Amino acid sequence: MIVETARFGSVEVDEDKVILFEDGLPGFESLTKYIILSPPELNPFHILQSVEDKDIALTIADPFLFKKDYSPLIKETVFDELKIEDNKDAALFTTIVIPEDYMKMTANLMAPILINSDKMLGKQVILDKGDYPVRYPIFKNSDVKVG
Amino acid sequence: MLVLTRRKDESIMIDNSIEIVVLGIEGDRVRIGIEAPKDVTILRKEVYLDVAASNRQALSSALPKDLPLSNIFPQED
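Residue numbers (my numbering), protein chains in the order written: chain A, 1 to 147; chain B, 1001 to 1077.
Hints are computed from structural coordinates only; laboratory data are not their basis.
Do not rely on the hints blindly, as some may be mistaken.
Claimed, not checked - Okay, the calculated bits of chain B under chain A, using three or more residues with CB under 8 Å as the criterion:
(1) 1031-1044
(2) 1050-1056
(3) 1059-1069
Quick caveat, the model's predicted, so the values are computed rather than measured.
C-beta: ideal position from N, C-alpha, C; glycine also.
Here chain A stands alone, though its shape is the one from the complex (with noise of 0.2 Å):
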C-alpha cells in the first residue's frame, strides 16, 4: 500500500505493517493506524507515520540506548489489551522532542509506546508512578557516547 507522508512522500509499505493503535495517541486519538519507517539517515530514530493522517509523524527511539536502566512499570491488563502472550513480541519506544538546541533533546519515558509486533497492536502507556519524566534529558548521563 502507498502511504502518504509529508517528510518522505509517497512511501510503499506492507499492509501487514500498518499498526493499530485503538485508543490513537494522547493529542491524536482519532488516528489509530501507523507504521515505523526507519530511514538509515535519522538512525537511531524512527518516525511512527500515522497512516491517515501524513502530517502527524512522531520521532521514536529505543529508550535502552540512553537508558539501559529503564524498568517501566507496565501494567499486567496492558498486556492483556494488546494481546502480548509471548514477551518478545513486546516492543517499546519512547517519544523524543529535540529542539533547534539539539542536545537539549529530551524522550518521553513517562509515556513509552508498547507495541506487540507481532499482532501489530500499540498504545501509548501514561506510567502511573512518578519515578520518570515526561522530558528525560538524553545527554544527561553517560549511558549516551557522544560523537
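Keeping the supplied structure of chain A fixed, place chain B upon it in accordance with the hints.
Coordinates of chain B only, in the frame set by chain A:
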C-alpha cells in the same frame, strides 16, 4: 456534562464497576477516592494534556534541519 453535588463520604457510581467517593474537603481541595477495575486508566487531566503536548512537540515536522545524527550517535559496529 453531568454535574452532581456531593458531600463528604458521598459517592458516584459509573456503570457498575467504577465508584468515585468524596473522602474529604479541605479548603479549596477535594480528596477523591476512585475504585475501578485494573484495566481502567485513571489520570490527573494535566498529566494527559502534558503527554499530548509532548507528542505534538515530537512531530518530525519539528525536527531541526541538518541534524548531524551520525556525529551525535556514532554507529557501533
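Non-conforming hints, listed in increasing numerical order: none
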